[in-house]
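Trainee: With the hints as extra help, turn the sequences into a complete structure.
Quick mapping for you: the protein sequence lines, in order, are chains A and B. Note that our numbering has the first sequence beginning at 518, numbered continuously upward. Note that our numbering has the second sequence beginning at 518, numbered continuously upward.
If you're looking for bench data, these hints aren't it; they were derived computationally from the structure. All figures in this text were calculated on a predicted structure; none of them were measured in a lab. Check the hints yourself; a few may be wrong.
No copy labels: a pair is met if it fits in one copy or bridges any two.
What the hints assert, rightly or not - Listed below are the simulated DSS-like cross-link pairs for lysine-lysine, each with C-alpha atoms no more than 27 Å apart in a straight line: (1) 851 to 644; (2) 978 to 1020; (3) 712 to 774; (4) 1020 to 712; (5) 581 to 978.
Number of protein chains: 2
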Amino acid sequence: MNGADALITTLADNGVTACFANPGTSEMQFVSALDREPRMRSILCLFEGVATGAADGYGRIAGKPACTLLHLGPGYANGAANLHNARRAFTPIVNVVGDHATYHRDFDAPLNSDIAALAAPNSLWVKSAECADSVGPLAAEAITAAYGTPGGNACLILPADAAWNAASVHGGVAEIPAPAAPDAETVAAVAHAVKAAKAPVLLLGSGACREDGIAAAGRLAALGVRVLTDTFTARQARGEGRFRPDKLPYFGEQALKELDGADLMVLVATERPVAFFAYPDRPSVLVPEHCGLETLCGREVDAAAALNALADALEAPAAGPAEPYAPPPAPAGKLDAWAIGASIARHMPADTVISDDAVTAGLPIFTQTRAARAHDWLSLTGGAIGQGIPLAIGAAVARPDAKVLALTGDGAGMYTVQGLWTIAREQLDVVVVVFANHVYRILGIELSRTGAGAAGPAASKLLDIGDPRIDWVAVSQGMGVPAQRVDTAEAFDEAFAQAMAAKGPRLIEAAL
Amino acid sequence: MNGADALITTLADNGVTACFANPGTSEMQFVSALDREPRMRSILCLFEGVATGAADGYGRIAGKPACTLLHLGPGYANGAANLHNARRAFTPIVNVVGDHATYHRDFDAPLNSDIAALAAPNSLWVKSAECADSVGPLAAEAITAAYGTPGGNACLILPADAAWNAASVHGGVAEIPAPAAPDAETVAAVAHAVKAAKAPVLLLGSGACREDGIAAAGRLAALGVRVLTDTFTARQARGEGRFRPDKLPYFGEQALKELDGADLMVLVATERPVAFFAYPDRPSVLVPEHCGLETLCGREVDAAAALNALADALEAPAAGPAEPYAPPPAPAGKLDAWAIGASIARHMPADTVISDDAVTAGLPIFTQTRAARAHDWLSLTGGAIGQGIPLAIGAAVARPDAKVLALTGDGAGMYTVQGLWTIAREQLDVVVVVFANHVYRILGIELSRTGAGAAGPAASKLLDIGDPRIDWVAVSQGMGVPAQRVDTAEAFDEAFAQAMAAKGPRLIEAAL
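Mentor: Following this line, the structure appears as C-alpha cells:
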C-alpha cells in the first residue's frame, strides 16, 4: 500500500466512490491505484471546470461527496469557478489536488504554485499530506470537513512522494457530523413573532428546500404564512405532490415589490436577502423598511426539523397544500422559453433532475414546470456561468435511473462545452437544451440598470455572440452527443417528447 | 468622465490598446466606456482562459501589455491557469477584474469572493480601486508593474461604484521601467570562468531568446561555447538567418546526458535548471555533479547586452553562425509529427509566429523547423495545457500581418476550444493544427516514469480520450472556423500549403 492506495481506500471506505478527474503526471500514482480499488468509479473530464461542476451535481443529488482529481495549481484554478458555485450550494466535495514531491517544491519547477492559497477562498478545509502516512488520516479529515454542517468543498493537497511512498495506515471511518437540532427557545420565540405578525414571510435557503423542508414549509403555508425561497437554491423539490413556495425575484426592486407589506421575515437556513449586484441608487438589502427579521435556524441546523417544530408550535396541519399534476397545454408557434417550459412540463417523467444554467430563460421554465411531475431543480447558486452541463453529469452519475435535464444558455454552455464529451463517454441519460439566442441577453438588461446607458457599437460587440453563429448541432455531434436543432414550439415539443422517451445523451438546440 | 473612462483613457494613453474580455454585470461601465475610447480594440472571448491566454500571446509578440476584462473572482479563476503560464513567461498583462460596489461587498452576495487572494499567487501586483479618483492612477501603477523588470501580470480590481462614479483624474503617463544594464564586474568574472573552462555551457532563459539575445549568444557559440536554452521559453527567434541553440531536453536524464562533460554552466536570465516533475530516484537539479555554476545576469537585466558584453570580453566575432533556409524534403506516407514538421518547415512564410501546445508532438516539429524561414516560437512556459489556441489569438491581434500557427494536442486543444470562435469572430490569420492521437500520450509515458507501473483498465480510462473520438472538423466548423481532416503525410502537406497560401482562420485535424 502506498499513499495513493491509502487515499483511495479511505475514500471508498467512507462511501466516496465517484471521482471526476483530469490528472497529470503528479497524479499518476492515484490513477494507477484506481486499478486496485474497484469501488471507485473514475470519470474523465476534458477540463477541470467540468470535473468540479460534476462533483457539485453529484453531491447535491447523492447527499455525499464525490472527489475530484486535479493537476496542481492550474488544474485547481480551472475548477475554481464551479467550486465557487459549490461553495454557495454547501455541497460536500473532496478535491484531491496533486502537487510536486515535497522535496521538489523549493526548486520552483514550471508548474509550481501556491495551491493552498489558490484553494483557500473557496474551501472550508485545506491541508497538504506531507508524508505517505498522513494521506489516509487527512483524507478522513477532509471527508468530515466536506460534510459540514453545512457542507462545502475540502481540498486535500497530495504531493507526489506522499502518493508513491509506502504507507502503513489508511484513514478509517470518518466522522460524519449531523446537523444541529433546532433550538426550542428560538422556535418558541419565532412562533410568537409569527402569531403577532400581520403578514409574515418565511424565506427558505438551500438547506430548507429538499423534500422534507418543503413539506414542512407547506404546513406553515397552510396557516397563511407566505413562503418564499432564496432566488438560487442548491436543490429544490418541486412539482406534483409537493408544496410550491414562490421564489424571491432576481432583481431587487421586484423582490421588494414581492415583499411589500410584509411585517416579519423569518429566515430559515439562509441570511438576510441582498441584491445579486449593486446598482446606482438601488438598495442592496432586500428587506422592506418596517419589516422585522427573525432567524428560525442557521445553515448548521436541520431546517426541516426546525420548520416542523415551528409548524407544531403554531398547531399547523400535518400537511400543507400539494401541487397537482397540471402541465400547460401543448405550445404552438413561436419558440421561446415559455413554450419550451410547457414542453418540459408536459413530457418530463417523475424524478427528473433539472440543472439550470439557462440565465434569462430559467425563470420561464421554472414557472412553467411548477405543476409538472415531481422533480429536483438545481440552481446556479454562485452566479458563475458554465455550471449547467457539468452539474448534469454529476447528477446523472449519482442517480443513473433518473432523467437529467441540463438547461443552458448558449453563452453559459460554451464555458464548459467539453462536458458534452463526458456525457457521451459515460453514455449518461442527460438531455441538454441550449437556448440559442446568440447574445448575452442578461447583460443587455444589466447594462442599462447599472446606469451605463444604451450600448453603442463597441459595447454591443461584447454582448453579442451571434457572429459567427455557433452551430450547436455540429459542436455536440463532434463531441459524440446526438443533436438536433428546432425553431418552432411544435418541433421542440416533438423533439423533447422523443428525448424523454429514449435513453441516453441528447442535445436540442432551441433556435430562439 | 467616470472611473471606467479614466481607466480606459489611462490604458490607451499608455499604449494598452487591446482588451480581451468576457464581462458581466459588474463590468458594464467599462463596456460602455469602450464606446467613448476608439483607441481600445475589444475582443470578446467566450471563456476567460481564452482571454488571459490571448493577452499572454499579445504581450509576448507586442512587447507591451494587453488588458483583460474579467468578471469577479470566478472570472479571474477561469483565467488563472493561462495567467500561470504568463507568469512563467514574464509577459506584461494588466488584468482588470470587476468587483461588486465597495459598499455591497459586505453583504456577501452570491458572486462575492476574495479576488485579491485568488489573484495573489499569479500576480506581481494586486490592488483595488476603492474610489473613482483612484482608478486612473492605479491603472498607471498596474501598467508600470506589468512591464517589470521582468514583466508579469498585474491585477487591478475595479469595484462597480469606482467605475460608475464621476472621476476627476486619469492616470497620465506610466513609468516604463528599463531593464538593468549588465554588471561589468560580473561580465569580467564570467569571461574569466569561461576562458578557464574546458567545456562551458551557456543556458539562456526567456529574456535571452529574442532576436538580439539569440544573435549575441551566437557570437559566443562562434568561440566554441555550447549554447542551450531553457526547455520552455516565452518567445524564441529561430530559423533562417538566426543562430540555433539547442534546447535543454524535457526529461531530466536526457538533460543530464546532454550536459555530460560540461564543467561550467553560465546562466543567462534564468535559474539553475530543474526537472519539470520529480520522479522516484531521479535528481531534481539538472546540473552535472562537477559542473561549476555562474550567473551572467538575472531576469531584470538586458540579457542581450550582457551576452554582447561577454562576447566582447572574450573577443568573439561580431556575428555567430546563421541557419540557412534548408527545409526537409516533402514528407510521404505515414502521418506523424515529423512529417507534419517537415510540411510546416517547407511552407510557412517568414515571420510566422508558432504557438506550441502540442505536448509530445512539439519536439519533432521544433526539430524539423530549425532551418525553416525566420519565425518566433512561443512555448508552454508554465505547463498548464490549453494555451495553444488562446496564445495564437493574441499573437495574431498583436501582429495582423503575420501568419500565426497554433499547434495543439487534442487533449490540450479541448481545454480552451472556445477560442476557435474568437478566431472566427475576428477573422484572424490563424491556422490551428490539432494532433489528434486520441490519448493523453505524455501521461502514458509519465505513468511508468513515476514508478506507477503499467496502466490497468481503470488507469487507462483516464489517459484515453478516443472514446468517443472527437470530430475536430465538426467542432471547428460549428464555431465558425473552416476545417479539414487529413490522415497521410501527402494530404497534410497539401492542406498545409493551401492554408499558408490563403489568409484567415483554418483548422487542420491531423489524424495520427
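Trainee: Can you give the numbers of the hints that this structure goes against, from lowest to highest?
Mentor: 1, 4
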